[in-house]
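There are 2 protein chains.
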Amino acid sequence: MEKKLKTHPAYDERCPVRASLALLSGKWTLMILFQINKNTVRYGELKRSVTGISEKMLIQELNMLVENKLVSKKVYPQIPPKVEYQLTELGLKTLPIVDQLAEFGLENLV
Amino acid sequence: MEKKLKTHPAYDERCPVRASLALLSGKWTLMILFQINKNTVRYGELKRSVTGISEKMLIQELNMLVENKLVSKKVYPQIPPKVEYQLTELGLKTLPIVDQLAEFGLENLV
Chain A
1 MEKKLKTHPA YDERCPVRAS LALLSGKWTL MILFQINKNT VRYGELKRSV TGISEKMLIQ
61 ELNMLVENKL VSKKVYPQIP PKVEYQLTEL GLKTLPIVDQ LAEFGLENLV
Chain B
1 MEKKLKTHPA YDERCPVRAS LALLSGKWTL MILFQINKNT VRYGELKRSV TGISEKMLIQ
61 ELNMLVENKL VSKKVYPQIP PKVEYQLTEL GLKTLPIVDQ LAEFGLENLV
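Line order of the protein sequences matches chains A and B.
1 is the number of the first residue of the first sequence in our numbering; add one for each residue after it.
1 is the number of the first residue of the second sequence in our numbering; add one for each residue after it.
Simulated from the structure, these hints should not be mistaken for laboratory data.
Copies of the same chain look alike in the list, so a pair counts if it fits in one copy or across any two.
Think about it this way: if two alpha-carbon atoms lie no more than 25 Å apart in a straight line, the pair counts; the simulated DMTMM-like pairs of lysine to aspartate or glutamate are: (1) Lys27 - Glu107; (2) Lys47 - Asp99; (3) Lys27 - Asp99; (4) Lys69 - Glu107; (5) Lys69 - Glu55; (6) Lys73 - Glu107; (7) Lys74 - Glu89; (8) Lys82 - Glu55; (9) Lys47 - Glu89; (10) Lys93 - Glu107.
Construct the complete structure from the given sequences, taking the supplied hints into account.
Right under this line is the structure:
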């Protein structure tokens, strides 16, 4: 018999790391939040800045981020249409995670 | 014409966030690093602690983590075989990222 796990008690459904990863572990999710950052960003700008992402995936990710209340979307009723994205209060709170990713990358990878 | 991106200069291949995400953005990657943490963990313990992961995926993830030098694996030549995992020096440096995920989860999600 395996002995009971000693390492971390927080491995159940209420584990805060698991909960965060459920929201943020998409391949592009934190990259998009990082690119929006503290700015108001138009869709076209975002498409350029998140290099390598397909249009379909970017739209899908943005819809998911809006649905999960990490990003707010503002559509201006004009021609041509203007769509702007900003981080919500909750979204802004993910930036320390991104900062740690940046620090890890800077120190060890790039 | 879209105007040039104003937000972040670091969106190219040398972007440290992108580099970190390339290494760490797998659905289970940071969860496994979190569960190993500062401990020496046997395969069976890990399998129990990372609830919900399939055996195939756990083995695949662990091999990837070993290959990427985030985790070290020690196999004891005994019967039944004993396999232990530890974070490498590089792997230990991902723990501040996990801490931020935990903090975000605790404050906002669980």
